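Asker: Listed below, chain by chain, are the residues.
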Amino acid sequence: METPVDINARNTASQQPAAQPQTAEAIINQPVKQLHLPGQLPGQKPTPEQQNRKPILEIKHITKRFETFTAVNDVDLTLYQGEIFALLGSSGCGKSTLLRMLAGFETPTSGSILLDGKELIGVPPYKRPVNMMFQSYALFPYMTVKQNIAFGLKQSKLPKAQIEDRVDKMLRLVHMEEYVDRKPFQLSGGQRQRVALARSLAKEPRVLLLDEPMGALDKKLREQMRLELVDIINSVGVTCLMVTHDQEEAMTMADRIAIMEKGEFLQIGGPREIYENPNCRFCAEFIGSVNIFDCHLISSNATQSLIACGDFKNPIELTHDIDLADGMPLTIALRPEKIYISHLTPQEETNWCEGVVENIAYLGDISIYYVRLTDGRIVSATLPNVDRFKEGLPTWDDHVYLSWDPESCIALTF
Amino acid sequence: MRVNKPTIARVVIIVLALTFLYLPIGTLIAYSFNESKMVTVWTDFSLKWYYALFNNDAIIEAVGISLLIAAMTSCASVVIGTLAAFVLVRVRYFRGESAFVLFMTAPMVLPEVITGLALLLLFVTLGNVIPFFADRGIIAIWIAHVTFCSAYTTVVIRSRFRELDISIEEAAMDLGAGPIKVFFAIILPAIMPAEVAALLLSFTMSMDDLVITSFIAGPDSTTLPMLIFSSVRRGLSPEINALATIIVLIVSVFTFFAWLSMTKKQKRKAADRAKAASAKLKEEKALIEHHF
Amino acid sequence: MSTGFSANMTFIRRAFQPRSRQALAPQQHQNTWRDYALIFLPYVWMIIFFLLPFLIIFKISLSVTEIAIPPYSPLVTFEEGAMQIILHLENYTNIFTDPDGTYIRSYLKSLQVAAFSTLFCLIIGYPIAWALASSKPAMRNVLFMLVIMPSWTSFVVRIYAWMTLMKRDGLINDILMVLGIIDEPIQMLQTDFAVYVGIVYCYLPYMVLPLFSALMKVDYSLIEAAYDLGCRPVKTFFSTLVPQTKSGIVAGSMLVFIPALGEYVIPELLGGKSSILIGRILWQEFFNNRDWPLASAVAITMLVILVIPIMIFYKMERREQEKLNAGK
Chain A
1 METPVDINAR NTASQQPAAQ PQTAEAIINQ PVKQLHLPGQ LPGQKPTPEQ
51 QNRKPILEIK HITKRFETFT AVNDVDLTLY QGEIFALLGS SGCGKSTLLR
101 MLAGFETPTS GSILLDGKEL IGVPPYKRPV NMMFQSYALF PYMTVKQNIA
151 FGLKQSKLPK AQIEDRVDKM LRLVHMEEYV DRKPFQLSGG QRQRVALARS
201 LAKEPRVLLL DEPMGALDKK LREQMRLELV DIINSVGVTC LMVTHDQEEA
251 MTMADRIAIM EKGEFLQIGG PREIYENPNC RFCAEFIGSV NIFDCHLISS
301 NATQSLIACG DFKNPIELTH DIDLADGMPL TIALRPEKIY ISHLTPQEET
351 NWCEGVVENI AYLGDISIYY VRLTDGRIVS ATLPNVDRFK EGLPTWDDHV
401 YLSWDPESCI ALTF
Chain B
415 MRVNKPTIAR VVIIVLALTF LYLPIGTLIA YSFNESKMVT VWTDFSLKWY
465 YALFNNDAII EAVGISLLIA AMTSCASVVI GTLAAFVLVR VRYFRGESAF
515 VLFMTAPMVL PEVITGLALL LLFVTLGNVI PFFADRGIIA IWIAHVTFCS
565 AYTTVVIRSR FRELDISIEE AAMDLGAGPI KVFFAIILPA IMPAEVAALL
615 LSFTMSMDDL VITSFIAGPD STTLPMLIFS SVRRGLSPEI NALATIIVLI
665 VSVFTFFAWL SMTKKQKRKA ADRAKAASAK LKEEKALIEH HF
Chain C
707 MSTGFSANMT FIRRAFQPRS RQALAPQQHQ NTWRDYALIF LPYVWMIIFF
757 LLPFLIIFKI SLSVTEIAIP PYSPLVTFEE GAMQIILHLE NYTNIFTDPD
807 GTYIRSYLKS LQVAAFSTLF CLIIGYPIAW ALASSKPAMR NVLFMLVIMP
857 SWTSFVVRIY AWMTLMKRDG LINDILMVLG IIDEPIQMLQ TDFAVYVGIV
907 YCYLPYMVLP LFSALMKVDY SLIEAAYDLG CRPVKTFFST LVPQTKSGIV
957 AGSMLVFIPA LGEYVIPELL GGKSSILIGR ILWQEFFNNR DWPLASAVAI
1007 TMLVILVIPI MIFYKMERRE QEKLNAGK
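Taken in sequence, the protein lines are chains A, B and C.
The numbering used here puts the first residue of the first sequence at 1, with every later residue one more than the last.
The numbering used here puts the first residue of the second sequence at 415, with every later residue one more than the last.
The numbering used here puts the first residue of the third sequence at 707, with every later residue one more than the last.
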């Protein structure tokens, strides 16, 4: 499993020249320039298409309308063998409805769902080779752990010995051998989740559906269980579709993420891609934090685009061209961790602005600086607290310069 | 919750309330062992009213009829109540649902004289068309009892049903259980306490109903409450004391078991919670060890 | 509703909580023929054995009594091939213009008895419910069972027990005479007093249980806050406890008032000539005078009177439910 995208990617050793000293001052005063074009992100897993993986689930033009509103609007999605795919969105965006349509609890208004090339719509939930782990786990309260796991196998009328065998295997998989005879309400939250996972994996589903898998766990336990869950899923090799509202969860666990809003997919991509290359303002703002500037284009050619932004003295420079139709709005998105704060005036003619430190939020690992620009706007920039007792850092009411690399800017047209 | 100190006020209230509730019953029990025919004058301890009771064919027959009707009523009204509760809780809104809700609840808030009169007039009208209803025997009483008991069983079962997590049923379905299997393997065990409560409730209500039954019953079917009522109206009778004592005895046994199962359930829940808590503690410990 | 049985009466209150449509609809799949098959049995049962009887009552209340089987005039007759519908409103006019005023008086008497019984139940039931709710959980179970157990025994037997107690030579008179409070037995049976005692005794659990469940949900910190702000106990009771248990008070009151209004057995056995309640009138018209149309008209009139309390009850529960939904 790929390590999660480092929110402070710029400041990690791997992306800095070896000789670069790791002090805050160095980072402030000696910005490092890196060059890579959008779309070519190092460390990105190859897409399933690139790996020639087999599509397993194809969702085509799925729409679900309830009486008053459209929950899912003409959505297409292909899932490949063995991948973990996350539907990420705020509550009410239609992600749960989509999941429930796959499980068979909702009937789509139109569209089709193909599993291994066979139409799933019209097949009742109890005949679909798809299993779901419910948000509240939905363990059967009157059955023991063992009976819970065996329930699905009993429905497919397997011989008894085979059921025993499979249940034991599942118990070992989730490390619950000790608790076979306990009832669900005698278990802790994490244990319940393991049982729920074992139960939904017992039938060897073609696709495993996870509905907010960490929703019912404590925060501390969550971080631990994310990686463990991924390990188990990968060891079984099952294709997995999960629904979550928690971006950290999606980014830690999933190979690919779809950002969903108002029943539609806004962007589909790997964790790194959706963070570093958001394709719209909503996506940029939804994942992580971002500074958004409304701009207009000055000039653009194959290697350079110049953009004017509000009261900035200097234009913003991008190292690629922007194809912008007349009258189209242009926004620049800039992540706080990609902005350098300095007391010194940058030497460049582009990509910097100045302001006064209005507020500092000290979070321990990083500090967030809220800088009021000369035109009154607030820009946030983060600084890693690498040195415990560092002095000379910008403080309240300091006049500071904010600068960034041309490739840090994300030009968005909608 | 507020302070649980037994304040004097609370003890006084409880003592007065229990005296008010149990004094009449206690008196009946005491007098049932009285030798005198004069109900209120104590002469000597005797079981003769119990002998008289068991040799009273009319009473024995009435008990038989009442038990039969109550058994049939409780079964039928639990079935109807379960169906109605399922419909009200799990089936999507359907045309005529508000009328359905009204029908299922109205028998509880209507005075019995009205319900009784209405049902009798129905049987008379039906009797003109179908002679079966004309003699108004046990079946007619059964129908009447099922009609008003179903309202109660529906409420009892529905209130339990409402608390069920629908995702548990979905999970069962997801794991390959069809709707019928889901009902019997998942829903029924979960609503079983309510089913039992509803069964006992409708049994008791049917056993005890006087007014509606008096309207419906033809000359050949006299239930126990009707018999008691007519004998009480004629004057006090010591045999009724003996009968009352037996009824109170049976009810107390049931109440005791109800209390016992309630207490046991609470203890079991507490034990489960303790187990879950210790499991959680273990988990947290493992979490810390994993990190360092 | 004089059945002597009242399992948890909060169940009855729940019956009036209309189901929230929005909350459930998106969760469910489309209705299938199976759902309609489930609806069929209870629905059809209730239409035949509950709705239809009321239509028949209404129909018969519009005919006149005849010496025939059944003893009333047909509403629809066929004469010379033409259908004739004869509506008789005499029954209703009789109720209101009876020279002795028997019906009007019995309606008023019923309202009076039901209202006072409800009040007495409330006054007696509130402290009991409070005592139950504020006991330790283990004790609460025992007391709870003890309070509802009498209502599981036979209704008629309980009334009969009070007859034994309140006789001229009954236990109450004996005790009072021994204590020297009275010199000769008081007449208690065949009085309104006995009717009140009987109704309060039989319907007390119907009042206690909704109050109990309301009191269990009370936020007691409000009482402490009231004391803290210098509120006196009586005022605290009316300004914090009563508003918080209002739903329980209304539910309990309706559960006592409605059946008490139509009560037949208690006034018949315990009451005297002055306790002619409407239930008794209906019974007499039907069984003794065999005037089915008049009995039907009496029943319909009683229903009309009851519509108001039932609607209050229903609305109250609805508001509760909406509050619950809004909180989610």
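Since the hints were made in silico from the structure, they are not lab data.
These numbers were taken from a predicted model, which means no experiment stands behind them.
Hints may contain errors.
Claimed, not checked - Looking from chain C toward chain B, a few residues come up when the C-beta cut is under 8 Å (computed):
1. 740
2. 837
3. 985
Even for Gly, the Cβ is constructed at its ideal location relative to N, Cα and C.
Asker: Each of the hints needs a verdict: does it hold here or not?
Answerer: Going down the list of hints, with the structure as the test:
Evaluation of the residue 740 (chain C) hint against chain B yields a held restraint, the C-beta minimum of about 7 Å falling below 8 Å. Hint status for residue 837 (chain C): holds, given a least beta-carbon distance of 4 Å to chain B, under 8 Å. Contact between residue 985 (chain C) and chain B, as hinted, is supported at the beta carbon level, the nearest pair being about 5 Å apart and thus within 8 Å.
The structure meets every hint from the earlier list without exception.
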